[in-house]
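Visitor: For reference, the chains in residue letters:
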Amino acid sequence: MFSHNGIIIIFSLLIALMASIMPMPLAFDAFRPDWVLIVLVYWCLALPSKINIITAWLMGFLLDVLLGSTLGIHAAAMALTMYIVVVNFQKIRNFSVWQQALIIGVLAALYHLIVFWLQRFLSDAVFLPSYLYPVITSIILWPWVFLLLRRVRRHFKIK
Amino acid sequence: MNPIFKHGPSPQHRLVLVLCCSIALIFFDHKMASFDTVRGYLQSLVSPLQFMANAPKQMITWAADNLVTRQQLMAENQAYQEKELLFSEQKKQLAIIKQENERLRLLLSSPIRSEIKRMVATILSVDSDPYSHQVVINRGAEDGVYEGQPVLDEEGIVGQVLLVGAHSSRVILITDLTVAVPIRVQRNGIRLTASGSGRIDRLVHNFVPHSADIQVGDLLVTSGLGGKYPEGYPVAKVIYVKADESGEFATIYSEPVAKIDRLRYLLLLSEDKATSIFAPKKSNVTGDKS
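Protein sequences, first through last, are from chains A and B.
Positions in the first sequence are counted from 1; adding 370 to them yields the working numbering.
Positions in the second sequence are counted from 1; adding 1325 to them yields the working numbering.
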């Protein structure tokens, strides 16, 4: 994990974690993109030998601790979503960036729905459409994160 | 190294492994209260991350606090002075009324209201998870915070302390899905409960009969039942009443009076044992200091 500048991967994941708990005005808060999911998907597509489901689960677990939700909820959702990426990474890799953005949208929607289902199972949460707003921002964000992280990966020669 | 043939367990095995871990965690965290200490450790483990994520906001608030014009400060100062004049006048009246009230209560031989201690806390972070409405404050067990302590802002009830760390604690807000506050209507004393709806601007009142006299605009205050919240603090204002006879109960929504979405300073209350002003004085002055 730490060889070939692998520390940069961890660094980017930590920044994603921070971005997902950064205080924001309430009006924008519902639109907060899934930073951790996007960054994880990028590294999983680029270096599937380094980033796998266990990494995703650990990031989800950290997200649980940071967000104060029941431990294991975001972890399970993150692991399930990343499983789809891990199994199909060779197909997704060959799509264009915009097609990938659509797939990110589907993945983000699945992620939020799994979180909602688990919450619904534990408490009587009611579904609000605003729970899926992050899907839109995640789709918009993907191309930029993709280009930025690809540049980072090439610059630091992360393998 | 990029091996063509992958080593290690297959994705399926990994997925099953982590899902089992998740299920175990969810079970332990949801069902076992003793898991709270583990959470406390985890909380202090990630607090550097929280601090760093909070830094930009802190910088902006610092800048906003420091970059004000002299005119603004003078205007504010004047407003505060005027307010203080008003308050000090009211306080003198209050002392007399309080004394009179206690004497009347003694005559009626009803228990004397207990003295309430206050402590000011500031918010460290707000959770962005839509399913749990919690904030982290900068007071902990070292400052005398205890679990279940009521938390207010300048307008009304905000929530109660959920987890206590050494120097910080978690407050669960009244809008969280899992909590309810015992309240009454200030106008006529009807008792209700206010349950969180998971929306920051709405509380739900369940099991209210159609005949209950509740109108839009009614102020709801804590009833003091349940022993968690002291009596008489504002909680919410009724915004929607629908007495649809086809339903079993009336549908009533209210909006919290506390500014849940823009909290900054909070007040922690702690109830002392019942003391009368006729009882030998111990420390009723220090209680008012924050």
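Simulated from the structure, these hints should not be mistaken for lab results.
There may be inaccurate statements among the hints.
Only pairs whose alpha carbons sit at most 25 Å apart, straight line, appear in this in silico SDA-like list of lysine to any residue [as the list claims (entries may be wrong)]: (1) K420/A - K1382/B; (2) K420/A - R490/A; (3) K1408/B - K1584/B; (4) K529/A - K1408/B; (5) K1382/B - V435/A; (6) K529/A - I385/A; (7) K1356/B - K420/A; (8) K461/A - L396/A; (9) K1584/B - S466/A; (10) K1442/B - D1454/B; (11) K1356/B - K529/A; (12) K420/A - N1426/B; (13) K420/A - K1567/B; (14) K1382/B - V496/A; (15) K1584/B - S500/A; (16) K1567/B - F491/A.
Stretch-level coverage of chain A by chain B, calculated; a stretch enters the list once three of its residues show a Cβ under 8 Å from a Cβ in chain B [as the list claims (entries may be wrong)]: (17) 411-425; (18) 462-474.
We put the beta carbon where it would ideally sit given N, CA and C, even for glycine.
Visitor: Is K529/A close enough to I385/A, meaning Cα to Cα at most 25 Å?
Guide: Answer holds: K529/A to I385/A is near 20 Å, not above 25 Å.
Visitor: K1584/B and S466/A: Cα distance at most 25 Å?
Guide: Roughly 46 Å between the alpha carbons, so the hint for K1584/B and S466/A is violated.
Visitor: Is it true that the CA of K1442/B sits at most 25 Å from the CA of D1454/B?
Guide: 32 Å, violated
Visitor: Are the Cα positions of K1356/B and K420/A separated by 25 Å at most?
Guide: 35 Å, violated
Visitor: Given the proposed pairing of K420/A with N1426/B, does the C-alpha separation stay at or below 25 Å?
Guide: Violated: K420/A and N1426/B sit about 72 Å apart, past 25 Å.
Visitor: Hey, K1356/B versus K529/A, does the alpha-carbon distance stay inside 25 Å?
Guide: 43 Å, violated
Visitor: Check the hint pairing K1382/B with V435/A against an upper bound of 25 Å on the C-alpha distance.
Guide: Given that 25 Å is the threshold and the Cα spacing comes to 21 Å, the pair holds.
Visitor: Between K461/A and L396/A, is the straight-line Cα distance small enough, at 25 Å or below?
Guide: 38 Å, violated
Visitor: For the segment 462-474 of chain A, count the residues whose Cβ lies under 8 Å from any Cβ of chain B; is that count three or more?
Guide: Answer violated; 0 residues pass the 8 Å Cβ test.
Visitor: Does K1382/B lie within 25 Å of K420/A when you go C-alpha to C-alpha?
Guide: 34 Å, violated
Visitor: Holds or violated: K420/A and R490/A, Cα atoms, limit 25 Å.
Guide: Judged against 25 Å, a Cα distance of about 33 Å means the pair is violated.
Visitor: Can you confirm whether the C-alpha distance between K1382/B and V496/A stays at or below 25 Å?
Guide: Cα-Cα ~31 Å, so violated.
The structure shown violates the earlier hints numbered 1, 2, 4, 7, 8, 9, 10, 11, 12, 13, 14, 16, 18.
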